[in-house]
Amino acid sequence: MNVIDVHGLVKRFGNKTVVDHVTMTVAEGEIVGFLGPNGSGKTTTIRIMCGLLTPDEGEGTVLGFNIRTDSLSIKREVGYMTQKFSFYEDLTIAENLEFVARLYQLKPLGEYVGRTLEELGLTSRKDQLAGTLSGGWKQRLALAACIMHQPKLLLLDEPTAGVDPKARREFWDEIHRLASGGLTVLVSTHYMDEAERCHRISYISYGKLLATGTVDEVVRNAGLTTFVLQGPQLDQVAVTLSGRPGVDQVAPFGATLHVVGSDKKKLEAALADVEKEHKSVTVTPGETSLEDVFIQFMSGSKDNMG
Amino acid sequence: MKNGINSVFSFARLGALLIKEFIQMRRDRITFAMMLGVPLMQLVLFGFAINNDPKSLPTALVAMSNDQYTRAMVSALQMTGYYRFDHVTQSAAEAEALMAKGAVSFVVTIPADFARRVERGDSPQILIEADATDPSAASGAVSTLSKVASQALLRAQGMQATAAETAKEQLQVVVHQRYNPEGISQYNIVPGLLGVILQMTMVMMTAMALTRETERGTMENLLAMPSSPAEIMLGKVLPFLVVGAVQVAVVLVAAKLLFSIPFVGSLTLLLSTVLVFVLSLVLLGYTISTMARSQMQAMQLTFFFFLPSLLLSGFMFPYRGMPGWAQVLGEIFPLTHFLRITRAVMLKGADFNAIAAEVGWLMLFVALFAGTALVRFRRTLD
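The listed protein sequences derive, respectively, from chains A and B.
The first sequence begins at 1 in the numbering used here and counts up one residue at a time.
The second sequence begins at 1001 in the numbering used here and counts up one residue at a time.
Think of the hints as simulated: they come from the structure by calculation, not from any bench.
Positions of the beta carbon are idealized from the N, C-alpha and C atoms, including for glycine.
Check the hints yourself; a few may be wrong.
Unchecked claim - Label pairs and their in silico Cβ distance ranges:
(1) 217(A) - 1368(B): 20 to 30 Å
(2) 1291(B) - 83(A): 23 to 33 Å
(3) 1291(B) - 162(A): 48 to 58 Å
(4) 107(A) - 1367(B): 30 to 40 Å
(5) 1360(B) - 16(A): 26 to 36 Å
(6) 66(A) - 1266(B): 47 to 57 Å
(7) 243(A) - 1376(B): 50 to 60 Å
(8) 1297(B) - 66(A): 57 to 67 Å
As the list claims (entries may be wrong) - Which residues of chain A face chain B? A few of them, derived with a C-beta cut under 10 Å, are:
(9) 51
(10) 53
(11) 69
(12) 72
(13) 81
(14) 83
(15) 85
(16) 92
(17) 137
(18) 152
(19) 250
(20) 253
As the list claims (entries may be wrong) - Now the stretches of chain B that chain A is said to cover, found in silico as 3 or more residues with beta-carbon under 8 Å:
(21) 1008 to 1014
(22) 1024 to 1032
(23) 1067 to 1077
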């Protein structure tokens, strides 16, 4: 049985279709990355899954519970971490956790709170007001609060936005530790390195699910060709290249230039011209990255948010 | 452990919400201080400041002659306590100017032929002009006039005996000001202030309750956790019931100590009706909270409600002085009914039967507001 099994989800706000026929399955124990640009419908999809929004169309189950009728049961079994910090800033870490534990009726209270504080290394700061914590600590508190009741599914909405690299690394280690214990995780993110730490990724853009699979699968299925250019005056080369037929992306990476295209023949023709004009530039085949694929997706899908 | 977890109502979850609210209330020192300080300040300020029967009003005297009758008339007017003769002049124009710029509330003109007319028995006249831009300020002073004036005249003519005789033959109007024989405004104002102060703080504080959670983003989290609308409502409303109880105690003690308001009714009866009143107020505030999208909107809605309730409830202006449709409108405010209850219980010593209908109204409001709030509550973010 899939932990998440939803199909044909549609959500409209006014005349904007924010989620457009999204179908998604997540198996038990999987860590699935949910990627897409700002305003692509990631948060809305997650909110539908945890019963905070009712879909206009589509059906589905989360942990076997119907998302339309069983939202109270879903709330009980799911840990949902909101994008914006949503605990009480005028309560201490311990008070926030006690509040959550009481709402979930966890007994004995002290044991649950104490163990959660310990597991996430919050014990030393337990009497600090949540409002005075830095981004990384707030995120840790939020994670602690949503795993304390031992949910079977974690829905994390951009959990690492505004968190420093070390805290991000620790956060992901924690996610993997939890997943190894059988927890299923759906996590939305902007960061490519985080996508690569997921078992599987789904890419959503302007409400539509465009690709899904492992990172390798998504890159391979995108059918992109990438070349790496080296040499002097690359900035001028970049100007000549962009806009030519076959050239979809030109991006400087350090001392090199990455040129990406979906039509391999046209791209090679364009690069051959450049080699003639700029003798000292060398062209070598390169590896298409996940980021290249996403940029391609983003420029290819029509903006319906404006 | 999972027993009853999906039930609509759980005391454990309500407890969680209550503890959270009380901690937040304790941390928010300024708001907490306001909840207790504001009632006391308002009571002292308004209790001493508002007076519906003002005395010692500045008056200009235009006296054309200085005979005994004029002097008798002036001293009689002064004795009523309403008139304070600040300006004495012989020029009508000067008096007119004084009134126009608001320096005096009355101009008393005693014509030059006053004494002659009195002695001839030729219907003597004096003119009193009142600044009626504030009619209530003038009414008390004007109403005492004719009696005072005629008695003063008779006395001046040395006809006390005759006066007593004629008085027997005339119809006498005896006025008793019941429950407040001296007509002390504070007896009316202070019990009313109890209602107004409670309305002010209770409605406003609870109107913020949900919108604050929404604005701080904590609402999303609260909704994602297992808590039912009824639990969230009671979790928000009950703490304010406690605050309301403290406010009531403060106001009642101050009413006794500062203003010596007579308290003739049953304290238990008053307190239990106050409880119903406060419950209707916090539920009204909570209903506003379910409708407003932001704290600012909640504030605006609250004020939109405050003004008509102050003006039409009978706190500021006599209820019976309003036209029929306004009286009907006045009935929809809990304050209207509460004012009748407090004045009846505190000043008249009314028992439950006398105020049962008003209490019934308050109960109706409680049911109505609670129902509306639960229906209006958005369990999802849709």
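Evaluation of the provided hints:
Against the hinted window of 20 to 30 Å, the Cβ-Cβ separation of residue 217(A) and residue 1368(B) comes to about 59 Å, which falls outside the hint. Look at residue 1291(B) against residue 83(A): about 26 Å separates their beta carbons, and that is inside 23 to 33 Å. Range check, residue 1291(B) to residue 162(A): about 33 Å between beta-carbon atoms, so the 48 to 58 Å window is missed. In this structure the hint that residue 107(A) and residue 1367(B) lie 30 to 40 Å apart at CB holds, the actual value being about 35 Å.
Distance hint for residue 1360(B) and residue 16(A): a CB-CB separation of about 49 Å, inconsistent with the stated range 26 to 36 Å. The given range of 47 to 57 Å is respected by residue 66(A) and residue 1266(B), whose C-beta atoms sit roughly 56 Å from each other. Distance hint check for residue 243(A) and residue 1376(B): the Cβ-Cβ separation is about 55 Å, which falls inside the suggested range of 50 to 60 Å. For the pair residue 1297(B) and residue 66(A), the beta carbons lie near 35 Å from each other, so the given range of 57 to 67 Å is not met.
The restraint placing residue 51(A) at the interface with chain B holds, with a minimum CB-CB distance near 7 Å, inside the 10 Å limit. This hint holds: residue 53(A) has a C-beta 6 Å from the nearest C-beta of chain B, less than the 10 Å allowed. Checking residue 69(A) against chain B by beta carbon gives a least distance of about 12 Å; that is not within 10 Å, so the hint is violated. Annotation: residue 72(A) was flagged as interfacial toward chain B, and the flag holds, the nearest CB pair being 5 Å apart, inside 10 Å.
A cut of 10 Å between beta carbons decides the hint on residue 81(A): the least distance to chain B is about 9 Å, and the hint holds. Taken as an interface hint, residue 83(A) checks out: its beta carbon lies about 9 Å from the nearest beta carbon of chain B, inside 10 Å. Against a cut-off of 10 Å between C-beta atoms, the interface hint on residue 85(A) holds, since the closest Cβ of chain B lies about 7 Å away. Taken as an interface hint, residue 92(A) checks out: its beta carbon lies about 9 Å from the nearest beta carbon of chain B, inside 10 Å.
With a least beta-carbon distance of about 17 Å to chain B, the hint placing residue 137(A) at the interface is violated under the 10 Å criterion. Hint status for residue 152(A): violated, given a least beta-carbon distance of 13 Å to chain B, over 10 Å. Checking residue 250(A) against chain B by beta carbon gives a least distance of about 40 Å; that is not within 10 Å, so the hint is violated. At about 37 Å, the closest approach between the beta carbon of residue 253(A) and any beta carbon in chain B exceeds 10 Å, and the interface hint on this residue is violated.
By the rule of at least three residues with a Cβ nearer than 8 Å to a Cβ of chain A, the coverage given for the segment 1008 to 1014 of chain B holds, with 3 such residues. Coverage of the segment 1024 to 1032 of chain B by chain A holds. Counting CB-CB distances below 8 Å, 3 residues qualify, and the rule asks for three or more. A stretch counts as covered by a chain when three or more of its residues have a beta carbon under 8 Å from one of that chain; for the segment 1067 to 1077 of chain B and chain A the count is 0, and the coverage is violated.
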